[in-house]
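A.B. asks: Let the sequences and hints guide you as you build the complete structure.
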Amino acid sequence: MPLYRVLLRGENFLVNLTGEPELLGFHVTHFVKAAAEEEAQQIAIIRTRKDPYLTGVLMNTRENPTRLEAEAIDRVYWPFWRKSGRYTFWEMKAPLSTGQDDR
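Using this note's numbering, read the sequence shown as starting at 1 and increasing by one per residue.
Read the hints as simulated data drawn from the structure, not as lab findings.
Please read all numbers here as calculations on a predicted model, not as lab measurements.
This list has only true hints and no planted wrong ones.
Using C-beta positions, here's what the derived DEER-type ranges look like:
| id | residue 1 | residue 2 | range |
| --- | --- | --- | --- |
| 1 | ASN16 | LYS50 | 17 to 27 angstroms |
| 2 | LEU58 | TRP78 | 27 to 37 angstroms |
| 3 | MET92 | TYR53 | 14 to 24 angstroms |
| 4 | ASP51 | PRO2 | 18 to 28 angstroms |
| 5 | LEU58 | LYS93 | 13 to 23 angstroms |
Backbone N, C-alpha and C fix where the C-beta goes; we use that ideal spot for every residue, glycine too.
C.D. replies: Here you go:
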């Protein structure tokens, strides 16, 4: 089964990382085995949504949904020794106004 590197972008995540609620965005990379790019994307999104590190600090409500989408999906032909699921966060200035959830 092919190996894919999936770069996800998360936006509108209201989290409590430091004791104060913050509105953050992030990038996270996952390496997944999948039959096709679409399956790799879905696996990466599920892994991120079920990550206890993220779900443990998430404070969003249904009225303030998060957004998670793939920015890049690349087939890789060698095993990476990097760990999947490392987050790079940035501060968002305002919540998303689209009202859309996951794509």
